[in-house]
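Engineer: Below, each chain spelled out in residue letters.
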Amino acid sequence: MSVATDRTVELMSRTLDVKGRSLWEDARRRLFRNRAAVVSIIVLGIIALLALVGPFLLAYPFDAQDYDVVSCAPDWWPDPAVLCYAGGSHWFGTDSVGRDLLVRTLYGARVSLAVGLIATLVSLIIGVAYGATAGYLGGRIDELMMRFVDVLYSIPYIFLVIILMVIFNRNFFLLFVAIGAVEWLTMSRIVRGQTLSIKQKEFIEAARASGVNGFGIITRHIIPNVFGPVIVYVTLTVPASILAESFLSFLGLGIQEPLTSWGVLISEGANQMETAPWMLIFPALFMAITLFCFNFIGDGLRDALDPKDR
Amino acid sequence: MPEPILEVANLNVTFTTPDGMVHAVRDASFHIDESECLGVVGESGSGKSQLFLATIGLLAANGKATGSVKYRGREILSLSQPQLNKLRGSKITMIFQDPLTSLTPHMTVGAQIIESLRTHSGLPYGVAEKRAMEVLELVRIPEAARRMRQFPHELSGGMRQRVMIAMATACGPDLLIADEPTTALDVTVQAQILEIMRDLKTELKTAIVLVSHDMGVIAGIADRVQVMRNGDIVEAGPIDDIFYRPHHDYTKMLLDAMPRVDNPDRKGHASPAPTAKPDVLLSVDDLKVYFPVRGKGLFAKTKPLRAVDGVSFTLHQGETLGIVGESGCGKSTLARTVLTLLPKTDGTVVWMTRDLSQISQGDQRRLRKELQIVFQDPLASLDPRMTIGESIAEPLKMLEPGLSRDSVKARVREIMNQVGLEPGWINRYPHEFSGGQNQRVGIARAMVVKPRLVICDEAVSALDVSIQAQIIDLIVKLQADSGMSLIFISHDLSVVRQISHRVMVLYLGRVVEFADRETIYKDARHPYTKALISAVPIPDPKAERAKKRVRLSGDLPSPLDSRAQLAFLKSKLIDDFDAEQYRPKLIEVAPGHLVAEHDPV
Numbered sequence: 001m002s003v004a005t006d007r008t009v010e011l012m013s014r015t016l017d018v019k020g021r022s023l024w025e026d027a028r029r030r031l032f033r034n035r036a037a038v039v040s041i042i043v044l045g046i047i048a049l050l051a052l053v054g055p056f057l058l059a060y061p062f063d064a065q066d067y068d069v070v071s072c073a074p075d076w077w078p079d080p081a082v083l084c085y086a087g088g089s090h091w092f093g094t095d096s097v098g099r100d101l102l103v104r105t106l107y108g109a110r111v112s113l114a115v116g117l118i119a120t121l122v123s124l125i126i127g128v129a130y131g132a133t134a135g136y137l138g139g140r141i142d143e144l145m146m147r148f149v150d151v152l153y154s155i156p157y158i159f160l161v162i163i164l165m166v167i168f169n170r171n172f173f174l175l176f177v178a179i180g181a182v183e184w185l186t187m188s189r190i191v192r193g194q195t196l197s198i199k200q201k202e203f204i205e206a207a208r209a210s211g212v213n214g215f216g217i218i219t220r221h222i223i224p225n226v227f228g229p230v231i232v233y234v235t236l237t238v239p240a241s242i243l244a245e246s247f248l249s250f251l252g253l254g255i256q257e258p259l260t261s262w263g264v265l266i267s268e269g270a271n272q273m274e275t276a277p278w279m280l281i282f283p284a285l286f287m288a289i290t291l292f293c294f295n296f297i298g299d300g301l302r303d304a305l306d307p308k309d310r
Numbered sequence: 311m312p313e314p315i316l317e318v319a320n321l322n323v324t325f326t327t328p329d330g331m332v333h334a335v336r337d338a339s340f341h342i343d344e345s346e347c348l349g350v351v352g353e354s355g356s357g358k359s360q361l362f363l364a365t366i367g368l369l370a371a372n373g374k375a376t377g378s379v380k381y382r383g384r385e386i387l388s389l390s391q392p393q394l395n396k397l398r399g400s401k402i403t404m405i406f407q408d409p410l411t412s413l414t415p416h417m418t419v420g421a422q423i424i425e426s427l428r429t430h431s432g433l434p435y436g437v438a439e440k441r442a443m444e445v446l447e448l449v450r451i452p453e454a455a456r457r458m459r460q461f462p463h464e465l466s467g468g469m470r471q472r473v474m475i476a477m478a479t480a481c482g483p484d485l486l487i488a489d490e491p492t493t494a495l496d497v498t499v500q501a502q503i504l505e506i507m508r509d510l511k512t513e514l515k516t517a518i519v520l521v522s523h524d525m526g527v528i529a530g531i532a533d534r535v536q537v538m539r540n541g542d543i544v545e546a547g548p549i550d551d552i553f554y555r556p557h558h559d560y561t562k563m564l565l566d567a568m569p570r571v572d573n574p575d576r577k578g579h580a581s582p583a584p585t586a587k588p589d590v591l592l593s594v595d596d597l598k599v600y601f602p603v604r605g606k607g608l609f610a611k612t613k614p615l616r617a618v619d620g621v622s623f624t625l626h627q628g629e630t631l632g633i634v635g636e637s638g639c640g641k642s643t644l645a646r647t648v649l650t651l652l653p654k655t656d657g658t659v660v661w662m663t664r665d666l667s668q669i670s671q672g673d674q675r676r677l678r679k680e681l682q683i684v685f686q687d688p689l690a691s692l693d694p695r696m697t698i699g700e701s702i703a704e705p706l707k708m709l710e711p712g713l714s715r716d717s718v719k720a721r722v723r724e725i726m727n728q729v730g731l732e733p734g735w736i737n738r739y740p741h742e743f744s745g746g747q748n749q750r751v752g753i754a755r756a757m758v759v760k761p762r763l764v765i766c767d768e769a770v771s772a773l774d775v776s777i778q779a780q781i782i783d784l785i786v787k788l789q790a791d792s793g794m795s796l797i798f799i800s801h802d803l804s805v806v807r808q809i810s811h812r813v814m815v816l817y818l819g820r821v822v823e824f825a826d827r828e829t830i831y832k833d834a835r836h837p838y839t840k841a842l843i844s845a846v847p848i849p850d851p852k853a854e855r856a857k858k859r860v861r862l863s864g865d866l867p868s869p870l871d872s873r874a875q876l877a878f879l880k881s882k883l884i885d886d887f888d889a890e891q892y893r894p895k896l897i898e899v900a901p902g903h904l905v906a907e908h909d910p911v
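Sequence order for the protein chains is A and B.
Numbered by this note's numbering, the letters in the first sequence go through residues 1 to 310 in order.
Numbered by this note's numbering, the letters in the second sequence go through residues 311 to 911 in order.
In short, the hints are calculated from the structure, not lab data.
Here a beta-carbon is modelled for each residue, glycine too, at the ideal position from N, C-alpha and C.
Treat the hints with caution; some may be incorrect.
Some but not every residue of chain B turned toward chain A, in silico, with C-beta under 8 Å [stated by the list, open to error]:
#  : residue
1  : Leu389
2  : Ala645
3  : Leu651
4  : Phe685
5  : Ser691
6  : Asp693
7  : Leu713
8  : Arg715
9  : Val718
10 : Tyr739
11 : His741
12 : Gly745
Dumping the calculated SDA-like pairs for lysine to any residue here, alpha-carbon to alpha-carbon at most 25 Å [unchecked claim]:
#  : chain 1 : residue 1 : chain 2 : residue 2
13 : A       : Lys201    : B       : Leu410
14 : B       : Lys611    : A       : Arg140
15 : A       : Lys199    : B       : Leu651
16 : A       : Lys201    : B       : Lys611
17 : B       : Lys396    : B       : Ala375
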C-alpha cells in the first residue's frame, strides 16, 4: 500500500471512531434533567455575573460616602415611617455613612464568592493530595497522617483565627488560610475513605500488573474515581466557606472597611435592623439565595453522580 | 390429569426506565405439576429471574406484569400484597443466589426459621423450635442445635444456602423456586446442595423450579426444561428431548458451548496445541505465602495464614498449566505472587534465569512486560473513567516508554482487531459494553505488550456459557499465534480440562495432585481430586443420573486450623489447632503424575 492510501485509511478510521459516552457525560445529562439544580446554576450564574460587572456599571463607587443620604431607604420602600429617601439611583438605599448599598452588596458578593471559591480550591488541592496519598499508602503512614488531621481538628478554630490575626495583623490573605486550613481536613478524610475502597478494586491491581507506579495509580486511577463524591463535597464547602467568612466578619475578625463582604454588611445591617431594615435584608437575601443554590447544585450532583442511591 | 400447582399464561413483564420501556418477559406460558422439577435455563438478561419474581409478585417498583398466574386454579397475579404474603413463605417459597444477603445479619439462624414458621403457621414457640431443628437436619446440617444459635456470618456459604432451603421448606410448601441457588458455591458444595434438593423432591413431593445458567446443574435434577432467551421461552419439553433432540438453534448452541469434564476434545472447539519446545520459562520451588492474622483478644499473637504452603512447579514455553481448587485454596494468591504483585514468604520463583525476588522493584516492574494477567471480573478490572483505548494503551506506555503516540495507537488498534473488538470502539467506555466484550478488552490489555506468560485468573468464570466458549477459543487461538505460556486458574474443572496441558489441584495452599490433562481425569488418585471431578455437573441427563459420586463430608475447613491440611491423612494427625503438623509429601506414581500422600480410601 502506498503512503498516501495509508494516510487516507488512517484519516478515515479516525473519523469512523465512535465517540464514547463517559460516566461524566451521563452524570451531566442527569444533572440537567434536575430542574432545581438547573435553576440554581442559572441564578448563581446571574449573581456571579452581577458581582463581576455590576460595580462597573453603577453610578457610585463602593467606598464613596455621601453625608446627605445617611441610612436612607430606597425610593420604592413601602414603609412611610422611614426617616429619609435616598432618591436618585440608590435602588437598595444607603448605609450609615451614605454609601450606595447596591454597589456594596455586589462588591460584597465578589469578596464572599472569592473567599468561598479560593478557600475551597485550597482545601480541595491539599485535601485530595493528602487524603489520596494517605489512603493509597495505607498502614503506618496512613495512621500517622490521619492522627495529624485529628490533632488539627482538635484546635479550636476561632482561637486559631484570633491568634493569626493578632500575630500577622488583619489581612485579607489570612482569611483564606484560616478557612482553608479547616476545610481541607474533612476533604482529606472523605478522599482517604474513598481511596481505601477504590484501592481494593481489581482495576487498581490491573494497573499495577501493567507496570504503573504508585504516583501514576494515584493520579490516573484513584483521583478521577474519587472525584464524584469530592465534587459533591466541594459544592457544600463553598457555602460553608462563605458562611465561615461571614461569621468571622460578623465578629469583626474578617474583611476590613472600606472593603466589604456579605458578612460585614449583614453585621452592620443587624445593628440597625429596626430603623433601617433594608441594610440587613438585601445582603442577607443575596447570601441566602447563593447558599440555597449551592446546596441544590450539590444535591443534584449527588443524584447525578450516584444514580443507584435514589 | 391432576390440576397443576402453578399455571402461567401469557405473562408479560415490562420495566419503565429513564431510557424507555424494557420488555423483560414476553408472552410466557407454562405450568408446573405436583412434585416435578422444572428447569429454566438462560443466559444473563434472558428474563428468567424476572419471570419468577413477577409470578410471585416481587417485581421491582418500576416493573409491571400482565397476563395470568394461577396457583391451584386461583388467580394470584391480581392479589394484594398482604394476601400474597400469606401465600409466599408458606405455600410458594423462593431461595436466591446469595444466601448472605437473604438472611438477616442480626438474628440467629434458628430465630429466623422459627419466626417464619410462627408467622405462617401460628405454631407455639416450642413446637416451632422442634420443627426448625427437624428441617435443619433434613438439609443435613451437622450439629443442628448448635447451628441454630449461630448468626449467618458464622456459617459458610454452603451452610447458609442450606439454611435458606431449610427455611423455605419449613412450612411444607407446594412449590420451591430456586434462583441460581448454587452459582456462588464451590462445586463440591454445589453437588451437596443439588442432592438435598433432589431428596426434597422425592421425599416431600415438593415441586421445584430450578433457574440456572448451567445446563449441567439442570441435567441432574429437572424433569422438564424450558430454555429462555431475551424474554422469550424458545423451547420447552421433557428433559431428554431438550438434551438429546433439541430443535431450536439456541438450545443447540447452549449445549454445544458447555465445556464437558468427561469429554474435553469436542469437534469445533479449540484444544491446546501440542508443545514442542521444552524450554523452561518459569520454575517455582517450594513457594510459601503466609499472611499474618491477629488472634482474638487485645494482646493476642499473630499467627500465619498459610495461603500458599510449599508449591513447586515448572512451566515450559507454549504450555498451559491449569490450576484447580475451591475458593480459599490459594490459587489466586499463587498467581499474584508469581507476578510479584504480592510478596512471598519463602521459596523461589525463577523466571528464565532470574530469581524474581532478587531483582529491584524497578526491574520487577519492567518484567511485567513479559508476565501479564487477565482478571475474573471484566468490568471491575477496567477503570470506569478511562476509555477502553486508554486502558489497553496503559501497559504499552508504561512498559515500552520509547513508543511514539501514533505507534501506541496503531498497536492498540492491532490488538483490538486480534481479540475481536472493532478498532472504532477505541474511545468508548467499559460500561457501554457487555461482559464478554469487556473481557476481550482485558485480554487485549494483557496481550498488547506481547508477554511470554499470561495468567488467567478465573478469566471466564463470570461470563455466560456461550461467551465463555468464545473467550476460551480466543485465548487458545492467541496462544497458538504467539507461542506464549498460560497459567489458567479456575474452579471449573471442565474449562481447565479443555484448555490445559497439565493440571495442578490445590487444596488449602498445597498441591494434592499434579498430572497431565488426560491422566488427572481418567486416573485421579487423590480422594480430593476424585471428589472434585465427580462433583462437576455434566450437561447430559443420562450420564448425570448414572454418575457415582465421591463425597466429601462437610465444608472446606478453615485454613488457620493446622489440622485441616491432614484431612486426607488422618493417621498422621496431631489433634491440636495450633500444632505443627506433618506435611504430606508428593509421590510420583507415574512419570509426571504426582500425588500427595493420603490414607487409603
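Engineer: Please go over all the hints and tell whether each is borne out by the structure.
Structural biologist: Structure-based check of each hint:
{"no.": "1", "hint": "Leu389", "verdict": "violated (29 Å)"}
{"no.": "2", "hint": "Ala645", "verdict": "violated (10 Å)"}
{"no.": "3", "hint": "Leu651", "verdict": "holds (6 Å)"}
{"no.": "4", "hint": "Phe685", "verdict": "holds (5 Å)"}
{"no.": "5", "hint": "Ser691", "verdict": "holds (4 Å)"}
{"no.": "6", "hint": "Asp693", "verdict": "holds (5 Å)"}
{"no.": "7", "hint": "Leu713", "verdict": "violated (13 Å)"}
{"no.": "8", "hint": "Arg715", "verdict": "violated (13 Å)"}
{"no.": "9", "hint": "Val718", "verdict": "violated (13 Å)"}
{"no.": "10", "hint": "Tyr739", "verdict": "holds (5 Å)"}
{"no.": "11", "hint": "His741", "verdict": "holds (7 Å)"}
{"no.": "12", "hint": "Gly745", "verdict": "violated (14 Å)"}
{"no.": "13", "hint": "A/Lys201 to B/Leu410", "verdict": "holds (21 Å)"}
{"no.": "14", "hint": "B/Lys611 to A/Arg140", "verdict": "holds (19 Å)"}
{"no.": "15", "hint": "A/Lys199 to B/Leu651", "verdict": "holds (14 Å)"}
{"no.": "16", "hint": "A/Lys201 to B/Lys611", "verdict": "violated (30 Å)"}
{"no.": "17", "hint": "B/Lys396 to B/Ala375", "verdict": "holds (20 Å)"}
In summary, the structure is inconsistent with hints 1, 2, 7, 8, 9, 12 and 16 from the numbered list given earlier, while agreeing with the others.
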